[in-house]
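J.: Here are the chains, one letter per residue:
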Amino acid sequence: MTYVIAQPCVDVKDKACVDECPVDCIYEGKRMLYIHPDECVDCGACEPVCPTEAIFYEDDVPEEQTRYTAINAEFFSELGAPGGAARSDFAGQDHPDITALPEGLNA
Amino acid sequence: MNTDSTSTVALGLPTLRGTDGVPTLAEHELLTGKDFTSDQEVRWCPGCGDYAVLKAVQGFLPELNIRRENVVFISGIGCSSRFPYYLDTYGMHSIHGRAPSIATGLATAREDLHVFVVTGDGDALSIGGNHLIHALRRNVNMTILLFNNRIYGLTKGQYSPTSETGKVTKTSPMGSLDHPFNPVSLALGAEATFVARTIDSDRKHLTSVLTAAAAHRGTSLVEIYQNCPIFNDGAFDAIKSPDTKADAIIPLVHGEPITFGPRNPDTGLGDKALIRTTTGAIEVVPVADIATEAILIHDAHNPDPSTAFAISRLTDAGYLHQSPIGIFRQVERPTYDDEARAQVRTAQGDNPTDAKARLQALINGNDTWTV
Chain E
1 MTYVIAQPCV
11 DVKDKACVDE
21 CPVDCIYEGK
31 RMLYIHPDEC
41 VDCGACEPVC
51 PTEAIFYEDD
61 VPEEQTRYTA
71 INAEFFSELG
81 APGGAARSDF
91 AGQDHPDITA
101 LPEGLNA
Chain S
1 MNTDSTSTVA
11 LGLPTLRGTD
21 GVPTLAEHEL
31 LTGKDFTSDQ
41 EVRWCPGCGD
51 YAVLKAVQGF
61 LPELNIRREN
71 VVFISGIGCS
81 SRFPYYLDTY
91 GMHSIHGRAP
101 SIATGLATAR
111 EDLHVFVVTG
121 DGDALSIGGN
131 HLIHALRRNV
141 NMTILLFNNR
151 IYGLTKGQYS
161 PTSETGKVTK
171 TSPMGSLDHP
181 FNPVSLALGA
191 EATFVARTID
201 SDRKHLTSVL
211 TAAAAHRGTS
221 LVEIYQNCPI
231 FNDGAFDAIK
241 SPDTKADAII
251 PLVHGEPITF
261 GPRNPDTGLG
271 DKALIRTTTG
281 AIEVVPVADI
291 ATEAILIHDA
301 HNPDPSTAFA
311 ISRLTDAGYL
321 HQSPIGIFRQ
331 VERPTYDDEA
341 RAQVRTAQGD
351 NPTDAKARLQ
361 ALINGNDTWT
371 V
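Those sequence lines, one after another, are chains E and S.
Each residue of the first sequence is one higher than the one before, counting from 1 in full-length UniProt numbering.
Each residue of the second sequence is one higher than the one before, counting from 1 in full-length UniProt numbering.
Think of the hints as simulated: they come from the structure by calculation, not from any bench.
Only true hints are included.
Chain S is faced by these chain E residues, among others (derived, beta-carbon under 7 Å):
| # | residue |
| --- | --- |
| 1 | P22 |
| 2 | V23 |
| 3 | V41 |
| 4 | D42 |
| 5 | C43 |
| 6 | G44 |
| 7 | A45 |
| 8 | A86 |
This structure is a prediction, so every number in the text was calculated from the model and none was measured.
Positions of the beta carbon are idealized from the N, C-alpha and C atoms, including for glycine.
Just chain E, with the same shape it has in the complex (with noise of 0.2 Å):
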């Protein structure tokens, strides 16, 4: 199991989680942030720090959301398990789904 970041998070990025992540697993992207579903050990610390609450227990991602789960498990299929967020950059990405996005998403 793991927590999912979700489409709310989309274009905003308020980053409140990842100061409270206590294993370093909330990775930024371009677009959105992504919780790395073999780091995240489950402690629901981001969940209600999130002023989008786009933050969600996997078995609780809203149904018109539940591809985000797979969303931020497939951010990291090439990237691997970088072991933290803070000695990685990948800013620059997004999954392809997020890309595909419409601009003016959460505005």
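Once you have looked at the hints, place chain S on chain E.
T.: Chain S alone, transformed into the frame defined by chain E:
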């Protein structure tokens, strides 16, 4: 055998290693972290370091290559002691401070079990202080995970045996007067055969230390620095923050020179090193001021615990700005449970009469007197 009350007998050197006696998985069997995850909802506070330890333990248990039904987690009382609920192994949420004692009985009676103890700084060092040191000196086959958050979390924030002097809590409004225990120093003083320290959020290090601890025959004590985000948040920030951790963590690797601080890319050494002074003490000095040969090489296998103890004293007793991390000591000594089983076998083997007759003979023994 001479059973005179003042005599001693040679018990021989250990012949069993690691997890000998615990059945391994069949060749085609393969377990994953999911197999060790129970159906219970995990209930710690959001952000608790215990989640990270749980995940690491669930990840490393399959690597032991033993069956779930041969694994037992025994805990005492406290937040950390909820651990057995979340693992799909045998477990027991036992009595405050007494987990090492229960584990001693279990490890002695059941050679086929791999026994873990999960405890916290309050449970292990205050309520169960005696039980811990006696398990360590006896060297019973068990792996002790001591979660140190330097506070009583379950009871909502009172100073614990590892809280720093002067700490203001609900039970110490003017600051705690108690000098804290250093769990690693304590374990080395009790002559534990495996003593290590790691950090909840460093999964790689945590996993490697736990793997070595589990493979050790005898009592392994692993102190895990664990952040309590509610009642003692930030206690380990200096050793976790990417900006300060290079200067705060003194990494111990067997056979390697002990240095820390920013690494020199050419030599691989940090800018500070440990050296032994002329008085035999350990001191931190800038690497630039000394010859490379003078740097202390870490020897975890040294039978004499005094150097490991001296290194353990480099841990800050107050707010944690500096701490050695890694395996301090890893030596071999006969284990209590192996020896106890051998004695039972010997006693039974020497005497061909049945158990009832043996008991009667003991009662009829000549060591009696009239009052």
